[in-house]
Structure formats: structure tokens, C-alpha cells
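Chains as they are written, first to last, in our numbering: chain S, 1 to 459; chain L, 1 to 287; chain A, 1 to 621.
Please keep in mind that the hints were generated in silico from the structure rather than gathered at the bench.
Glycine included, every Cβ here is placed at the ideal spot set by N, Cα and C.
Any given hint could turn out to be false.
[Unchecked claim] Chain S regions said to be covered by chain A (calculated; three or more residues, Cβ under 8 angstroms):
id, region
1, 140-147
2, 219-227
3, 244-256
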Amino acid sequence: MSANPSVTGRRARRHIYRLAVAVAALALTAAACTSSDDADGPAAETAGAADAGTSDTAAETTETTTVDTSDDDEETAAPVDTEPIRVGSLLDETGPLNIYGTPMADATRLAIAAINAEGGVLGRQLELVALDSKSDQAEYIAGADQLVAEDLAVVHAGITSASREAIRPIFDEAELLYFYNVLYEGGVCDRNTFVTGVVPTQQMQVLIPWAIENLGPRLYVLAADYNYGQISADWVQEYAAAHGGEVVGEDFFPLDVAEFGTTVSEVQDASPDAVVSLLVGGAHMSFYSQYAAAGVNADIPIVSTTFGLGSEQVALDAASAEGIIVAYPYFEELDTAANAEFVAAWHSEFGSDYPYITDLAAYVWEGWHLWADAVNAAGTLDRDAVIAQLESGVSFDGPKGTVTLDGGSHHLIQPVSLARANTSNGFDVFETFENIPPTFEQDVCDLIASPDTNEQFTP
Amino acid sequence: MSADRLFNLGFDLATTISILALVSIGLAITFGMRGIINLAHGEFIMLGAFATLTGVRQGLNIWLAMALSAAIVGVFGIVVERLLIRWLYARLVDTMLATWGLSLVMVQVVENVYGSVTEGIAVPVGDFSVGAYSMSSYNLVLMASAVGGVVVTYVVMRRTRYGLHARASVQSPTMAESLGVNTSRINMWTFGFGAALAGAAGALLAPLVGVIPTMGQTFVARSFMTVIVGGPAFVAGPVSASGLLGFVENVSTNQFTPVIGQAMLLIAAIVILRFMPQGLTGRRSLR
Amino acid sequence: MNALTARSRSPRADAASGSLRLDAVGAAAAFALFAVLANLVEEFTAFEWTLWATQAILALSLTLVWGQGGIFSLGQAAIYGVGGYTYGFWAINLADNTGETLTAVVAAAAAGTVVAALLGYFMFYGNVTDVYVAIITLATSLVLFAFVNSTSGTAYRIGDAPFGGYNGMTRIPRLTVRLPGAESHELTRTQFFLACIAAALVIAVIIRVIARRPFGRISVALQHNELRTELLGYDVRRHKLLLFTIGGAIAGFAGALFAAWGRFISPPVFSLAPAALVVIWVLVGGRTSVAGAFVGVLVVKGFSSWFGGASGDNEPIVLGLLLIVIVLALPGGIVPSLQRARSWLPSRRRTASESTSSPDELRHIGAAATLHDDDDQPERRIAVQGVTKRFGGLAAVDDVTMAFQPLGVSCLIGPNGAGKSTLLALLSGQLRTTAGSVTLDDHDLTKWHPYRRARSGVGIKLQVASIYKSLTAHENLWLACYAKSHNVESAQVRSSELLDWLGLSDDAERPAGTLSHGQQQWLEIGMVVGGNPRVVLLDEPTAGMTRDETERTAALVTELGKRASVIVVEHDMEFVRRLDVPISVLHMGSLFAQGTFEELSNDERIIDIYLGGRHADAASE
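In isolation and in its complexed conformation, chain S is listed as follows:
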């Protein structure tokens, strides 16, 4: 397998329509009287559409372009042919969100290459249609719409929860299988959607008891003022109460706040045993510096379910980052044979000076492999068959260990490790808990029993 997986742009359909003279009235009538289904039926599809290239959302990253001569509908055609299976990805590869998107896009390419190297899916190679959403919500919607038109087997897409909520209905409607491979606030319950990211309950059920036991019962919560922070803060309350702790203070910060002087003082005022940080994004990084500068970090340690998501441990100086306790399923430092192999493959593909392989990269890797395994097991690309296979509880042994898909909730049962930020821009993993379930999602969501559920539950 070459370094580049077989990535193509959308099929290059370049037919010239002979419509030099088109009367406006005709066009109007056509527009008014024909529904889009009529206009773009199979006939229109095989005839192709005039596409001067200008219409391509540019978001598309086209590494190699192959001409796909087959316009057959994959889902109905028997998979006897050896044509590649087309799959999609939609991530923020440029713009401010690319601190998350770049490792995810890299992981996507690596995963597809690896799957293809092992013989592909159903004996066919995967062909990736990768669009860039440029950290722009509207680009997500346009991109999702384009992916739907691309005739794909599956789409792995979305980073922020806002982007997921914007595109999820589009894939639902198109009945295009959708994977969301990101840590998020939890609660999505949708038969067409599978989530490989960790949810707050999984991190909290490891982190909060540890903090109460080892640091003390009094916790102070600092959270980003949006869905993730607010929901996670509720979970801190709940797990603290359940384990004999209490939340003595709680502050929410708009995402662009970069000055935390008042907060540092208020934390000292409350003198908790630990600070639980649910801060997110570039501006919030300042908190850790300012907290350390005031010398408070020595007295009141920080535990976090978000520190490191934006490579905070790299961007901050060692003194500010050191000692912060985090809980994630994956760390680049995980000391297992599978991870060593994964890291080696990553470094050989993207260079050994790669800043840090984030846990987001691991979710993406698992998402693609779970899907590929399920399709191979089902023996078909048919969506319902693949969903049924996924719901049967498929497992995958990845770099972080064994992850198992929880059929009812469409979330992953996965290991969660505790780690301490060290002085060399990384983490020291000190304890791993296997098979941590997404408890909240399991409670509220059973898609096997009631497949028509489609909502995002909040605690």
C-alpha cells in the first residue's frame, strides 16, 4: 500500500450539456413543475451533470483523481465487482478548529490505508472522499449535502457538537450511515449514528472518585460556558455526591475569556481540595498559566476531562502543565504493544516530530475499523445489515486496548486511563480502568428496543 491511501475527489463527471439556447420560461417551468427527485433520477445521474469544476466545494481535498466509470448504486448492485468502496469524511482541516481536525484527518488517512493494506472491505479497496469544513458551520451543511450526493457507504464526520447536530439530520434523512469520533457531552441517541468518542460519565466515573479519594472531597468546577461544559459540570455534581464529595464552587466562562485573575482568587477564597477544569479552547489555556503564576497549583491541584484536547500540555510551559490529572481512553504514552505499533505506524507516515497523537485520533482509528469489521462480518454494505452487525456488540482491539460497541446506546465501552501531565509536554499514565461503560447513554437510550428514538438526551 502506498503512503497515500486511494483518495480521490468526487467522481469527475464532465459532460457538456447541449443547452446553449435555453429559454427562461422553459427553465422556470421545469423548476416549478419538476421535483428534484424527477430531475435527478437515475437517468440524470448516469447522464451526468455539467460540472465545470467551479461548483466543487472547494473544501474538497483531492490528492489523486481517478475517473469512476461506474455509476451503479452500490447498495443495490451485487458487490462482485472490484470497484473501490467510496467512503466519506468531513472535518475541519483548516481554520481555528484544525488543532482538533488535523490529527483526525491524519488518522482517517492512516486508518483507510491500513484497512486497504489488510485487503480492504469485502475484498474491495476503500476510496476516501475527504471534505474540509474549514471551521465553518455552513461549510458543514454544504459538505454533508455534497457527501450525500456522492453515493457513499459511510461517513465519519464532525468535530464540534454544533457541527454534529447540524449534519446528523442530513445523514439521517439520506439514510447514510454516520460515525462521530469525538469526545463530547454525551446523550445522542440515533439509530443511524455511532459514537466512538468518550462521554463525560465515562471520564467522571474514573476521575471524580479518584480525586475525592486522593485529593479530598471539596471540588471547585471551572467550565466553559457551552453545552459540553454545562452538562459535564452537572455530572461532576452527580459523581461528587455519589462518592461523598461536594462541589463548593462553580464558574462558567465564555469561550473567549482569557483572563482568570478573579477566578484564581475565588478558588483560593473557597480553598477546595481540587479544581475540576472543564475549560476548552485556546483562550481558556490562559487559565493554567495564570493559575500556576499565582503559585496556587502547588496547593490546589487540577483534575480535568478536557486538558490536553487542544494539546494544552504542549502549548503551555512545563511548570504550568505539570501535575494536572486527566482521564482519557487514549494517550500516546500508553505502554502497550498495540500502541507501540500504532505510534510507529503514525510516525512513519507523518514524521517522528509529530506534536502529539491525540485521543481524537484514536477514536477515528477505532471508528473506521469497527465499521470495516462490521461490514466484513455482515458481508454487505446494506445499511440495516451493517447497523444490525454493529449493534450485535462488535469489539476491536486497538492501541488503547479492547473497545466494544454497546449495541443499545451506539456508544463505546472502552478503557479509561488516568494520567499526570509531566514536564516534557506529555503525560505519565498511572492507572487504567478497563471496560468503562457509557452509563448515562445506556440508561436513557436503547436503540435495539426502540429504534425510532432520535434525540440528544441531557441529564
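Assemble chains L and A onto chain S, guided by the hints.
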């Protein structure tokens, strides 16, 4: 309220005001003196931070690195002025468009050079305690720098030949020109001076914030708010506005929540401009 | 009449040129083109174009507000967001019952209207202008951003529609119509695209129609010289409020289309980036041009699309450089630059022919008739009682009581700083008194805004000629006449008469800023006369004039004095003597003496404070 808490509150307030003053005074110079709305101001701050980062990584003493960073951004400002800004005086909105373009270029170039995350630097001084509260000594540096920045600006504008010429060319460019003042040269130095102050702000903030290419966005809106609320006086304006807005934000954050603190800052800006349409130091127009 | 209509057009006001029929044909052609294209391209391409169409409508709202009215709003994107949320709330709650979402679109436009009206009232009635408007609108957006971000809890909902916090509001119904007696029909993507294009084109045509109507001309005037516009008798604050409100309706409407397009709306629409992006579209395309809104969106969006794949991560660099190049090479934006290039030759020829015409003489043909086209207003007596104006501790005008005769000329003289101009400004309403009152007959004007005083017959010519330098002389006068008559036709006729009267007919189509110094002064006097004033305030009408011009001006002032009360502030004692009218002397803010020129020139005290030196100077000129 105990004495140590009171001191602590005052200390936080002074820090907030100092940071606000630091990030806005450079902009106040270019806006107040030349009416340039520099949307790349946040990126000038970012550049100062990255320059300091690089200097420290090259083994320079951090204070020296900071001073050099201010100078480097100042020189960069002069280059920008010569190549771009000087064609755009008296074209307010065009400067906005051009400097917005410049900011896009700067963010991406820095990201290409440094990557989207890069290692930060440590705060160079320790902390101290008053009563039950531990505070960063570095905040004292920020306060001193803010005062220093204001004093330097005041002295430069009031006590130097350049300052005299600069003020003269603000009040009557043609008159100044006819008296032998090279206004083009003065404009260049003014923009460079403003850029150097932005670079200094970035350098000073580098140990305290996450130094990332997009960090400028965090500062640009609020430094604008501060400068415009302050009005045209380039020293009194930002000083009074950062004092007032910093006070409002700090107190309401303290009393309520950070969200309300931020909202109150914005609402204070709106209300001030509604009733003092030219800002705190502006003359009342018409009536 | 045709000639006059043609004359009133100006080459620079693109938005104001052309005719409704031409616009309609152009819009229909553009629509036909898009209708054809929509059926040629793939559906997802048309889908993305739909987004561009909604953004073009958003850009149009700024073209109207800023390009025409000079209101530099950074709040259009926020109003767009308000429209989007409103559409969401309305459609989610009601679409199931009503089977359509058109009412939700109307509601969104209404919400945009209301928000803009409130914000506009708050700003414009506080005399907030320029960049301060930008900051207030931006700060308002950011407050909304902070608010909507905090609404992730289930408690934040309206009916069945949760705000959704940062994640935004999802599953918003598509645009659905229901004709009476028919099934409800959800628009297909192609139909929705065409609907958006049609809406954008209709709004573009409406904006062009507005631009050609007096409302639009006043907007342009306001943008170029707000003070003069107010002094002509236009209520600029109300006008700006109206303009901003219409812009709000358009932005709210665009937001509804956006929400219906993506079935989604989220708080970042209230952040800095979209606010600035709208400005950039409009600037790139050209803010004075309606077509510019479309071109701007197309170029910026299209550019990032085309170059996105090729340059990858470097797209921001390419886009940034594009912006810089446009500013340097195509100031004013793409469309106006192209138009300039096209109209370069004719306009040069015109300039050449203009240089031969000279401001020879003030023609007195029909002067009396010109001065007042009707006599429905009685003569008015303006007076001040104990007026005082303090600037800080300094009393520029200190307890002055005087009444001016209802007909005839009077002069105000005094050394520099005596308070003459301040007194005129108190009469015109530019300044408000610290104490005392200003009356016109029995009316107490003290608290009146300048436009109300102008409408009651008080006209002022300022010390430094305050005219619309980039509008033509004819347009300048038209604006003055229209302020009085509110009738397009009669304003045309009367402004032409005034052009003749001022001897400016040959220069009617020149930008007023290119007229000679004296001509500009006369033009401003003409504008005052066009308002049919009963009280004429002239602040140094002969400043910078040649002796020849000064003499003509004196004749003009005398002429004016036959029909109105004319108050002249003047330094030129030769001119004052020539007028031979009652003179009041101000000294240090107080009324020092009154009398004829002869009386005063023999008054030792006055010679002491002022007259002697001056008189000698004037005489020796």
C-alpha cells in the same frame, strides 16, 4: 471583608485594567493619531508573543527577548506602513479591509512556521502571599509595564520633537507640512510606535496566555472596545476606558459570574457610547 | 422635463442610475440564467449556491444601510442571526399546524425590523455616528453571542424549540408553502434555490428603486454631509433610523432563508468573524453598488472555494492577499472600479468642456420670483432673550438679548472670538443654549433640532462652505429645494431656476467640490435660498472671495433682504459698509453696541476694540 481579601480584590482589578491598557494603547495611538482601524492589531500582539517565545527558546534572557520582540514588531509595523498603510490614510474602511487581509495572512504564516501548537514559556518570576491569598508577582510586572507604557507614550508625544510634529500633523497636516514637518515620515513612525507597543503587550502576555496563532482574536474585539470608548485622546482615552471597563468587568465577574462580567463590559461600552458619542475623551458634537 | 431628469443624474451614483424597467429586465435575465444553471449543475452545487444567495441578501442589507446611508453597521450578521432563530422558533412550533413556514419568514423579517428599530433608535437618537455605530452594533452582537451560548439547558426553549446553546437550534423545518385549498409543499432544493435567487434579485431591484427615489438621494446626501442635510431641514435621525430598520428587515429575512437552508442556526453567527465578513463582501464588491453585494459574495466565497483545494492550508494567505490587492488596486470595490474604467472617457471630455465655462455673473432674471416661489409664509422675526452659551468655563455668548427685523439685512461684527458664529449656531440650532431662549415670532425654538428650525424658515450658510462636494451642483440645489417642497418635479424646476440665478447652469453637472471657492459659497447661499427661508443666516459669505465676487455677493445679500430677514456675520468692513444696514457689535460674548456703519465707525470704543485696525486694513486693500 478581610483586609487580605480586599487587597486581593484590588490586585485583581489592577491586573485586569493593566492588561486592558496594555493591549489597547498601541491601537489607541494608530487610531487616535491617524484614524487607522488596524484589524491586525491582535496579530501584532500575537507576533510579539511568538517573537518572545522564539527568543527564549534560542536561549535569550526573557526580558531581553521581550524588549527585542517589541522592537521587531515595531520594525514590522514600519514595513507594513510603508508597503500598505501609507496608501490608505483617510480611507477608514479600506484600512479595515486591508488590515483584516493582513491578519489572515499573518495567522496562517505563523501557523505554517510554528504549527498550530507550540511550546509555551514559563512565568519568569515567582509568587507572593498576602494573608490567605497567593498572587503572581508577574502581575506586578504587568502593572508596572502598563504604567510604563502610558508614561512612555505621554513623554514621547509631549516631550519629544517627534511627538510635537506628530501632534501638529494630526491637527493640521497641511500646516505641519508647510512648516517643514515630513508628515509621511511621521506617519511611518507613529504606526511603528503603535505596533511596537502591541508587540510589547504580546511579549508581556506570552507567559500568561496560550501562545497560539489565533490568539489575536481574543484581544482584538476588546481592545477595540476600549480604544473607541476611550475616544480620541491617545493617552487619556485608553487609560480612562480600560480603568472604567476593567472595573465594570472585574466587579461584575466578582459579584456575579464571568458571563455577566463579559456582558456588563459590552453593555457598559454601549451605554457610554450612547451618551458620549465621541467616547470618554471626545468633545460633544452638535449639541 | 426630460432634460432636467437627465441632468439630475450623476455619473458616480451607480445605485441611482438606470430605470425600473431596465432593472427588472436585468433581474429577469439573471433569474433565467440561474434557472438554467440550476438545472445543469448537480443538486448539491445548487444547494451551496443557495447559501451564497442568502448571504448576498445579507450583503444587500449592508449595501443599503452603509453604501447608501453611510451607517457603518457591524450588526447586520447579528440581525441575520436573530432572523434565523426567529424562523426556527416560529417554524418548529407552528409548521405542524399551519403546514407552511412562509409566516415564519415574515416573522423573521419582522424580528429583524424590530431589533434594528430599537437599536437604531438607541443609537441615532443619541447622535452616535461613524465608527461608534460600528462598535455599538458589534458589542450588541457579542452580548447576544454570550447570551445564546449560555442557553444549553432544557429550560431555555420557546414552545417546542430549544435554544440549544452553543450547539445551536437544529431540525428547523425547510421552507414550506401551502396554497389555499392545496396540500402543503416543501420546496425542493432547486425550487428553494430559485426562490432565494428571486428574493435576492427583487431586493436588489427594490434597493435600486429606493436609491433613485428622494429617500435614497437624501440617504446619499446624509452620508456625504450630515450637518448640511440637517440644516436643510431633513430629520437625519429619523431618516437613518428608517434606513437602518429597512436594512434590519432585509437581514432578518436573509437569516430566515439561511435557517431554512441549513435547517440549523447557531450562536457563532453573533461573533466577530461573520460581522466582519459581511463588511468584506460589500467592500470587495463595492459598497455603492447593488451588484457589488453579489460580486463580493461570489468573489470571496468563490475564491476560497476555488483556491481551497489548490492551496490547502494557505487559503487564508491567498484570501488575505486578495483583500489587500483589492484595496490597493481597486479602491471602492470591484464593481464601481469597473464602472469607472468604463466611464472614464466621457467624463474626461465633460471636464474639458467645463473648463471653458466661467462663473461670469449672477443673473438676476426673475430673481424676486426665484427667491420665494410662494408667499404662504408670513415674514418671521427671530430673536434671542438672554442667551448664554458656555464651553466649559468660557462663556462664548453671554446673556445676549436682541431681536432682528423681519425684513432686511443686519450685520453682526466683532473681533475674533466675540461669539458671532456661536450666536448664529444658537439661532440655527447647531448649538443648544446654556441659558436663555431663541424665538421665532411666538414660537420658542430653544429646544428645537436644526431640521425643525430649518422647516420653520431658518436657513444658514456656514463659515466654511458646507456643501455636498461629491454631488453635482444641481444635486446640491435639488436637495435643498426638495427639503422644502417634498415634490420631485417642483424641486427639479426650482433647482434649475436657482442654477440660472446663481450663474452655475454651465457647471450644473460638475461635482460641487470642483467649483471655484466663490462658486461654492454662492452654491451654499443658493441652497439656503432653495429652502425658501424667512430668516437667512450668513456666516462670512465673502470669505476668500475676490473683490469682484464680493461686490456681487453684496448685491445678492441686498436682494435677499427684500424678502427675508438676513443676518450677516462679516469681517470684511468694506462689504459691511457697502451693505449699509444696521450693525450689531459683539465683544467678548456680549452685545457691545448697535448702530449704522457711520455711527459705529465714529465710536471711539469700537475703534479701540476692533474697528480701527480692521477698517484701515479693509480700506487699504
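These are the hints, each one checked on the structure:
no. : hint    : result
1   : 140-147 : holds (count 4)
2   : 219-227 : holds (count 3)
3   : 244-256 : holds (count 3)
In summary, the structure agrees with every hint in the numbered list given earlier.
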